[in-house]
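*Asks:* Produce the complete structure using the sequences and hints provided.
In this text, residue positions in the sequence shown follow my numbering: the first is 8, and each later residue adds one.
It should be emphasised that the hints constitute simulated quantities derived from the structure, not laboratory data.
Everything numeric in this text was worked out from a predicted model, so none of it was measured.
What follows is a set of in silico ranges between Cβ atoms, one per label pair, in the way DEER data are often shown:
1. Leu78 - Gln58: 18 to 26 Å
2. Gln71 - Ala34: 37 to 45 Å
3. Gly55 - Lys76: 14 to 22 Å
4. Thr81 - Leu27: 17 to 25 Å
5. Ala69 - Ile31: 31 to 39 Å
6. Ala34 - Asp75: 38 to 46 Å
Here are the computed lysine-lysine pairs in the DSBU-like style, where the Cα-Cα straight-line distance is at most 35 Å:
7. Lys59 - Lys80
8. Lys82 - Lys59
9. Lys59 - Lys76
Built from N, CA and C at the ideal position, the CB exists for glycine as well.
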Amino acid sequence: MTIMSGYQITDEIVNRVVELMQVIDPAKANPDYCRAMLEYYQSQIVAGLRQKALDDPDAIEALQEEFDKWLSKTK
8 MTIMSGYQIT DEIVNRVVEL MQVIDPAKAN PDYCRAMLEY YQSQIVAGLR
58 QKALDDPDAI EALQEEFDKW LSKTK
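*Replies:* What follows is the structure, given as structure tokens:
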């Protein structure tokens, strides 16, 4: 399930996280655990942004400005 538009947790990403987990915590270095971890953090980011927008709509403007700066650097 993709929560953030345009971002999909692919097998390639999961496999990379598995590789990293082999160094950090080998007992948890398996695709199911790593995919679940990625999905959890993806949902936390979306929930955090949604709550920020509800709590402080002006903060969204600051986030948008930050994104625009980043975007201009990537071109």
